[in-house]
Amino acid sequence: MSEPAIQIEALSVTYGSGPTAVLALDQVSLTVRRGEMLALMGPSGSGKTTLLMVMGCLLRPSAGRAALLGRELGAMSQAQMAAARLAGVGFVFQSYNLFPALTALETVAMTLQLKGWTAALAQAEALRLLGLLGLSDRLHNRPGQLSGGQKQRVAIARALAGNPAVLLADEPTAALDSKTGRAIVDTLHGLARQDGRAVVVVTHDPRVGEIADRIVTIEDGRITQPVEELPA
Amino acid sequence: MPDGSASSLAPTIAPPRPAAAILLAWRNLAYDRARFVVTMVGVTFAVVLVAAQAGLFFGFTQITTAVIEHTGADLWVALHGLRNFEITMPMKERNRTIILGVPGVARAEALCVFFTAWRKPQGGYESVLVVGFDPNSGMAGPWNLVAGDPADLRLPDAIAIDDINKDKLGIENLGDTAEISQHRARVVGFTHGIRSFTTSPYVFASFRNAINFGPIGDDQANYVIVKLAKDADPASVAAEIRRRLPAMDVLRRADFSEMTKTYWMFTTGAGTAILVAAGLGLVVGMVIVAQVLYATTIDHLVEFATLRAMGAPQSFITAIILWQAAITATLGYAIGIVLALVIAHASQGSTALIVVPPSLAAGLFVVTFAMCAAASLISIRKVMTLDPAMVFQR
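Chains X and R supply the protein sequences, listed in that same order.
Residues 1 to 232 in my numbering are what the first sequence spells out, letter by letter.
Residues 1 to 394 in my numbering are what the second sequence spells out, letter by letter.
Be aware that a few hints might be false.
Said to hold, decoys possible - Residues from chain R that keep clear of chain X, each with C-beta distances beyond 10 Å, as calculated:
| no. | residue |
| --- | --- |
| 1 | Ala-14 |
| 2 | Ala-20 |
| 3 | Leu-23 |
| 4 | Val-41 |
| 5 | Ala-147 |
| 6 | Leu-155 |
| 7 | Arg-195 |
| 8 | Gly-271 |
| 9 | Glu-303 |
| 10 | Ala-352 |
| 11 | Pro-388 |
| 12 | Val-391 |
What the hints assert, rightly or not - Quick look at which bits of chain X chain R covers, simulated, 3 or more residues with Cβ under 8 Å:
| no. | segment |
| --- | --- |
| 13 | 53-66 |
| 14 | 189-197 |
For the record, the hints were derived by calculation from the structure and aren't laboratory data.
Glycine is no exception: its CB is placed at the ideal position from the N, C-alpha and C atoms.
So that you can see chain X by itself, here it is in the shape it has in the complex (with noise of 0.2 Å):
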């Protein structure tokens, strides 16, 4: 069995408080293990973005416990919780969340950068990773200048950079075609298989829970699909 990147135990997420509360997640528990691709799959509304931002160390749970690479959400900070989604967590959003001004080399470089990498090793790298990507003839692109496939592949070798053991991605292929995204879910589950790397994606794409290693399915905040623990 490979390691769990992500456990999760009756975990219960509730916002706000008084007669106004709302229960996000109700006694979820899940494990995800690096080298396997989950799909998080359910309605709008069923807590899938909450139980990945709690995957993310974005949210600490109300009730029950969380952990992300061994470490319980409970017990950190604020600031310890940024410090592990820098150091352990990729993100890819739906809506890309590319910065404008930067070209994609700019963007991985800088990522690499912001994790301590010196420029001159965050260039080499964010080159590699790019190219890993099929994107060595659009270093120098803008978001503007790119299609929305290349933009998300942009997101993905940022997601990568300093090669985080977890990458989550929520909902990577509702803004593109059914090539493009079909692409993009072949890609992450690559990154899964071939770096040992936990990847979830928050998904109402069918070609997504077809590929993945396993599905789950979330309605009012609880887990409806039996979990299957992935074989060693």
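Here the structure of chain X is known, so what remains is to put chain R in place on it, guided by the hints.
Below, chain R without anything else, positioned relative to chain X:
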């Protein structure tokens, strides 16, 4: 489940490289060129406004003390109650002889200073400030003579005025005549850049000619200006003069200069008004910069939220905004100070002198930086209170 302590699984990373914050700051600013131009205009406007107002203050300060500083006198003696250079009561001119007898005094010369009426050749009146000095003394005469011969000031009725005041006094050329207190005055010299803080232009004349123009008698003077002997102690000499002439104020040049400066700049409120205007310029500039920096931050809010979601430390995000402020300050200052120097240079030919000394330029650089840093605080606060989860809710 783990026990909550740091695990060997958890990776560690080095602190962010400052170059990344600088790159992002610069790109954020430069990406939207129109907004960048507006930002630059705002900071430049503030710098020029503050430099011009402060430069006016420095200029007026210089003007109020120009004659005192150019006399070359070490001590100024006048009737008790002296508050500024321009307004004094006359004393007996023979006091000069008493002062000459004080050990340590090398020279002592009479000087008269008074306001009087100038009748223009074309008709009409102006108020002038006559400075009567001894042309043989080498002290208190006009400087920066750009036309005419200083020796001609010894001639009857001869005067020198500043070329800046030609129009005001109705004078076009050397040799033109006017009337001072109904007495003929002939212009034999033009100076350049000797301005009066009051609205009355300086008229330089020999002591004897000045007596003819003025309200004081020929046995009177407003000041006795003293040049000390080499190695004489100014304090001791001043004390001895005071002892011999107890009705007199005896001031060192620097003290008299400061007294006059303080009187005109603060007692009259003129300097305070200028400083208030400079302060308002600073506030207006700060508001403009704050607005523009804030708008820039709002434009890049999603990017800042993304950085926070990625785990960028607060110090890194704060650094980006502060670098934006620093870049804005540096460029805005550079453009603003160049414009201010051009304005200061242009003011050399006008009655209002704007002086931008190196100390003002350096001080303004610090002020501009502080202004931009302060203006960025609202942006920093906004970004620090940003919920990084917003990147998942778009």
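To see whether the hints hold, each was checked on the structure:
Its beta-carbon lying about 3 Å from the closest one in chain X, Ala-14(R) breaks the requirement of being farther than 10 Å from that chain. At roughly 4 Å, the least C-beta separation between Ala-20(R) and chain X is not larger than 10 Å, which violates its mark as non-interface. A Cβ of chain X approaches the Cβ of Leu-23(R) within 10 Å, the least distance being about 6 Å, so the stated non-interface status is violated. For Val-41(R), the shortest C-beta to C-beta distance to chain X comes to about 21 Å, beyond the 10 Å cut-off, and the non-interface label holds.
Residue placement check: Ala-147(R) keeps its beta carbon more than 10 Å from all beta carbons of chain X (closest about 59 Å). For Leu-155(R), the shortest C-beta to C-beta distance to chain X comes to about 73 Å, beyond the 10 Å cut-off, and the non-interface label holds. Distance check for Arg-195(R) against chain X: the nearest CB is about 50 Å away, which clears 10 Å, and the non-interface claim stands. Against chain X, the non-interface label of Gly-271(R) holds: every CB pair exceeds 10 Å, the least being about 46 Å.
Separation of Glu-303(R) from chain X is inadequate, the least Cβ-Cβ distance of about 5 Å not exceeding the 10 Å criterion. With a minimum CB-CB distance of about 44 Å to chain X, Ala-352(R) clears the 10 Å threshold, and the non-interface call stands. Not every Cβ of chain X is farther than 10 Å from the Cβ of Pro-388(R); the closest lies at roughly 6 Å, contradicting the non-interface assignment. Its beta-carbon lying about 6 Å from the closest one in chain X, Val-391(R) breaks the requirement of being farther than 10 Å from that chain.
Against chain R, the segment 53-66 of chain X contributes 6 residues with a C-beta closer than 8 Å to a partner C-beta. That satisfies the three-residue criterion, and the hint holds. For a cut-off of 8 Å, the count of residues in the segment 189-197 of chain X with a CB near a CB of chain R stands at 0, and the three-residue condition is violated.
When held up to the earlier numbered hints, the structure conflicts with 1, 2, 3, 9, 11, 12 and 14 and fits the remainder.
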